[in-house]
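Based on the hints, put chain W in the right spot on chain L.
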Amino acid sequence: EDQVTQSPEALRLQEGESSSLNCSYTVSGLRGLFWYRQDPGKGPEFLFTLYSAGEEKEKERLKATLTKKESFLHITAPKPEDSATYLCAVLRNQFYFGTGTSLTVIP
Amino acid sequence: AAGVIQSPRHLIKEKRETATLKCYPIPRHDTVYWYQQGPGQDPQFLISFYEKMQSDKGSIPDRFSAQQFSDYHSELNMSSLELGDSALYFCASTRKSAGGPLFGPGTRLTVL
Chain L
1 EDQVTQSPEA LRLQEGESSS LNCSYTVSGL RGLFWYRQDP GKGPEFLFTL YSAGEEKEKE
61 RLKATLTKKE SFLHITAPKP EDSATYLCAV LRNQFYFGTG TSLTVIP
Chain W
1 AAGVIQSPRH LIKEKRETAT LKCYPIPRHD TVYWYQQGPG QDPQFLISFY EKMQSDKGSI
61 PDRFSAQQFS DYHSELNMSS LELGDSALYF CASTRKSAGG PLFGPGTRLT VL
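Residue numbers (the numbering used here), protein chains in the order written: chain L, 1 to 107; chain W, 1 to 112.
Next comes chain L alone, as it looks inside the complex:
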């Protein structure tokens, strides 16, 4: 069965404390992996698309990497405004979302 699992479910970091979020998947025939940021009550905001193992994308304090079975979202020196839920989604015939990681960055 196709599955997308994100860990941890919740993460609390001190401002400036770097960490990584994990997205593992068992979807066969992957056509792409996508990271989104979602603030409460708002639509997911697109961050990155990764298509092949070994690919990396960066944007400000965020860096996404992809292997054959998982993706990592690395957050370097996070700030309180990075607090949000981070969702990953994989594309096969449709987009399958993980359950998200709720990130809280404490000043």
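Calculated from the structure, these hints are not laboratory results.
Ideal Cβ positions, reconstructed from N, Cα and C, are used throughout, including at glycine.
One should not assume that every hint holds.
Across the chosen pairs, the derived CB separations fall in these ranges [said to hold, decoys possible]: (1) W:Gly99 / L:Thr99: 16 to 26 angstroms; (2) W:Lys22 / L:Gly16: 35 to 45 angstroms; (3) L:Glu15 / W:Ser65: 25 to 35 angstroms.
Heads up, simulated DSS-like pairs for lysine-lysine below, C-alpha to C-alpha not over 27 angstroms straight-line [what the hints assert, rightly or not]: (4) W:Lys96 / L:Lys63; (5) L:Lys57 / W:Lys57; (6) W:Lys57 / L:Lys69; (7) L:Lys57 / L:Lys69; (8) W:Lys15 / L:Lys42.
Frame of chain L, contents of chain W only:
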């Protein structure tokens, strides 16, 4: 740049009533997705359209139907509303095989 537009942004209905949610995708995007997101849950795929034809169907109740019109806007019709239908409903659009879908701001449906 233009984003995905959804209307209304908030909707309050009584049980057993009907509701229609509208989505206007980004210009030149040919694929539209509808998602339902309950509190604290990840978005659940309902249905998608590619070039005005239904392309995939997820966990959409039989009480719900959707279509995409000639101008590419899409409508999600929900009948016999139940309390459990209260959720955020997101529409997202993309150009096929051109990256992740871009989401609209959502419609918050409350069923009383």
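Hint by hint, here is what the structure shows:
1. W:Gly99 / L:Thr99: 16 to 26 angstroms: Between Gly99 of chain W and Thr99 of chain L, where Cβ atoms are some 22 angstroms apart, the hint holds.
2. W:Lys22 / L:Gly16: 35 to 45 angstroms: 44 angstroms, holds
3. L:Glu15 / W:Ser65: 25 to 35 angstroms: 48 angstroms, violated
4. W:Lys96 / L:Lys63: 25 angstroms, holds
5. L:Lys57 / W:Lys57: Outside the cut-off at roughly 31 angstroms; violated.
6. W:Lys57 / L:Lys69: This hinted pair holds, its Cα atoms lying about 26 angstroms apart.
7. L:Lys57 / L:Lys69: Given that 27 angstroms is the threshold and the Cα spacing comes to 17 angstroms, the pair holds.
8. W:Lys15 / L:Lys42: 25 angstroms, holds
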